[in-house]
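A.B. asks: Chain order of the listed sequences is A and B. For the first sequence, the working numbering gives the first residue as 1, with consecutive numbering after it. For the second sequence, the working numbering gives the first residue as 1001, with consecutive numbering after it.
It should be emphasised that the hints constitute simulated quantities derived from the structure, not laboratory data. One or more hints might be untrue.
Some chain B residues near chain A, calculated using beta-carbon distances under 10 angstroms [what the hints assert, rightly or not]: (1) Tyr1043; (2) Leu1045; (3) Ala1053; (4) Tyr1055; (5) Ala1189; (6) Thr1241.
Predicted model, so just to flag it, every value in this text is computed and none were measured. Think of the CB as a built atom: it goes at the ideal place given N, C-alpha and C, for glycine as much as any other residue.
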Amino acid sequence: MSRFVRGFRKYFRLYIRCARTAVSAAVAYRMNFAAGMIITFFSNILFPLVTIVIYGAGLSFPGWTFYQVLLIQSIFTVSSGISNMFFQGIFRETNNAVRDGVFEIILLKPVEPLFYLAATSINPESSALVAGGCVMFGLSAAHVPGITGAAVPVFMLFILAGICVMLGLTLVMAAVSFKWVGNSRLPELFGSVLELAKYPLGIYPHSVRTFSTFIIPVALVASIPAAVLTGRVESSYIAAVIPCILLVLTGIVLYKRMIRMYESAGG
Amino acid sequence: MKQLIAEAVRTFRTFRAVAFATYKEWSAYRTHSMISLVVGPVYFLVQISICRAVYGSGGADSVLAGMPLNQLISYFGINALIGYLTMDFADWNLQMLVRTGKFLTFALRPVDHRFFAFAQKCGHRILGFFFEFLPCLLIFRFVFHVKLVPPQPFWAILSVLLGFIMTFIVDYCIGLSSFWFVRAEGVRAVFRLLQSVFSGALVPLIFFPSVLQKALFFLPFQYMLYVPSMVCTGSYSLAGTAIPLPQIVAIQAAAVAVFFAVSSLLYHRALHRFTGAGA
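Extracted from the complex, chain B is given alone in its bound form (with noise of 0.2 angstroms):
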């Protein structure tokens, strides 16, 4: 027991030491990361310039897909702020790493480089939670006048986590193919759009035709960013059924659990074909 303390206090200790060193390294970038600063509300004045002058053409009380205008503008916003909570660069690290051949000193290390990485998103999104998300809330609450408190936190926050760890492992395994592919660049490009359109950044996953917003529970790019936002917004729903919140954060958890089993496979198989050569 003493022993399994002992390890669990020196991975913590690695952890916040990893973490640490990443936020110290990207604190001087901190301006690039307040680019989000215009970057979000410009956004987000085009996406509620949208939404009020299409649900305006449809009559005050238009519901579209479901959702009544305000419930929409809230997504749009939780949706740009979970999105500087989540951002990950785990792939393109890890395929840079292995194009280079530089994945050969992380090898070598008494530290598992998922769990490096890891460490590293963490740090560098706390500097993304002071930098990116603080102020875009502040400008959202107080500019756009938009309601982003969620009406069951305890479930928003934990999906949000979820949604955090959800993006990393995802991303993580679209860097393991670069074991395989060495350059990846292409696999990545072809991820990123279709995250882009499947985790409900673009629209909310109820407006797509109802056979894929069935697809959609068995694909991993919901539970990313739709799932968080929708249970931030106080209700979910997706291809006609509402789920209690309790519920879609378990299968969110569910989800999180079979991908991790995913990323471990593909880890220990990427690692039997590492030939540090680079390219």
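This is chain A alone, in the form it adopts within the complex (with noise of 0.2 angstroms):
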């Protein structure tokens, strides 16, 4: 026991440590890091433009006011945002690392490739997505009645397993990387399956519905949280978060099998 606390406690500190590096070495160019936030966070947030676009015209999506819907994107931003900070980098220096067969470098650090990736793919810059999204949750939250307490629980619970839901899609993207190498558009085709997240559920057939919910669970990655603060929870939720769990355990397994098919050939 006492070694696996060790073993935790040398890891937390790792991190830690990486986590600060990141921040110093983003701050070390100051005006690209703020230039690289305020990009960042302008491109993510234009989205809602589209719904903008819809309510100022008079039109709505049906059973869904203005602020209903912002809270969803509020809160895809914000995961997005969670995402690209933490573990987006995984992909990134994965896909990198193996186009140039220089993997082998990570392989050699005495800690489990995975988390030295995690650790020291840090994004700070997303920082301001994260802030921009926590602020528009302020905003629409606000305007939305009927928000309870009891609520929170199972919102906070719908948002771990969404942020699971963006590590599972990254890890088997990352994974898949070692197959189909120096492919730097893997991340457009799992952001055309976030897409689904940005609106409400109910707007798409049935089969997209159940596929977001149940297959590939980006569903919880704002709609659902979203539906339950709102007061639209239907009991199937609950399974949802099943398959969100079984995605991560299923990235995971992936990656480190395809670990061993790295044939340091680069591509």
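Dock chain one against chain two, each of which comes alone in its own frame, and use the hints as you go.
C.D. replies: Now the structure itself:
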């Protein structure tokens, strides 16, 4: 047991050290850091433009007010920000290292490769996205009546499940890049599936709703947590947490298996 | 006269050789292009679902900013398809060449780099035509049952061609900024952001405030994507003005000519700044 605790402490300290280094490295070029934060923020908050246009024209998503839709999109922004900040780098670093045939440098480190990649690819620029998403969330939540304290624990559970989905997708992407060497368009592929999470689930055909709730549960990234806050809870939503956990586990197992297939040849 | 013809033939041969070499080079990565076969339809599914939900809420005959549901769905489909034809990365390529100093090799070649880059784009997009445009066209037509045939094909093809050239010219101008800034990622990122909003890729420009719509007549963005997309749907309007297709295509051609002149000026000024040092 003490060995496990020692191991955990070691990894925790290492992670904190890496996070500090990432922040120091980012702020070394202050202008670049500030510009990066601003660009990241604005390029990721563009999608509510569609919602603004729709509601500005006097139309709506059936059953959803403007601020309720904005609530979905703010939750998506926060989840994306967390994902970009803490684990999107796993794909980027894996993809680059496999393409250049230098992944063995990571394998030689005396820590788990997956942990090493997560710890060394923290992206502080995305903190602007998280902060902006939080402001947007606060603004929209203030205009949505009927949010009760009782909904918050379930909401938090779904938020965590949604972050698991983002992590799972990132790991699967990174694992695929061992075989599909140097494909920088892989994030587009997974990003397109996440697109389904940006709007109320009810606008999609039944098959798409089932797919995005139980097969690749991207709906848990934003639309289901927002549905919970706005009092649209369905008992079947709880079951959707299971595929989220399975997705992360699949991602970890797949990544570890794909490491064994690494050939160091580059591409 | 003979000399002129010989020069034109030589130029065409160079163009064909560069385009073919680029086609062959990128053919090795054709599976990367085929990611669009998933990405395009998924984005389109989301757009269709949004349109149907929103128009449904306003009643079956509702019209949004003068656009009926079918025209809006066609707009998004055509928009995505034109994006595959006109996609460009001349800015990234030129910036990389300047930053690393590799542009020197082009400065020594008996070929104008802008011409070379345009030929590269043509080769690259011919590949895109086969591996992105055609499959997505079939998916949109037979899976989503969207009407994609332009009512006036001549003006549609001409407008798409002009959009293709405009996208290249504007992107090349952005790439030229690296002769002054060396690392022009910020300029590129800001431009991409503006382009995604003001070219009509997210929403048709007629949904924007009237003042902004008027300003967009004088900016290059709408001539890259919005004009070709609207011409393909069969009607064009912006800032409350409906313009007949031949006229808007003529305006688009004039805009291309203006931006070609601007890019020529910038190109010659940029060459004077080039040090070949890299960074």
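A.B. asks: Could you check if Tyr1043 of chain B really has its C-beta closer than 10 angstroms to a C-beta on chain A?
C.D. replies: Holds. Min distance 6 angstroms.
A.B. asks: Given a cut of 10 angstroms on the nearest C-beta pair, is the interface hint for Tyr1055 of chain B held or broken against chain A?
C.D. replies: holds (8 angstroms)
A.B. asks: A closest beta-carbon separation below 10 angstroms is what the hint needs, so does Ala1189 of chain B meet it against chain A?
C.D. replies: holds (5 angstroms)
A.B. asks: Would you check whether Ala1053 of chain B satisfies its interface hint, that is, whether its CB is within less than 10 angstroms of any CB in chain A?
C.D. replies: holds (4 angstroms)
A.B. asks: Does the interface hint hold: is Leu1045 of chain B within less than 10 angstroms of chain A, judged Cβ to Cβ?
C.D. replies: Holds. Min distance 7 angstroms.
A.B. asks: Just to be careful: measuring from the Cβ of Thr1241 of chain B to every Cβ in chain A, is the smallest value less than 10 angstroms?
C.D. replies: violated (19 angstroms)
Checked against the numbered hints listed earlier, the structure breaks hint 6 alone; every other hint is satisfied.
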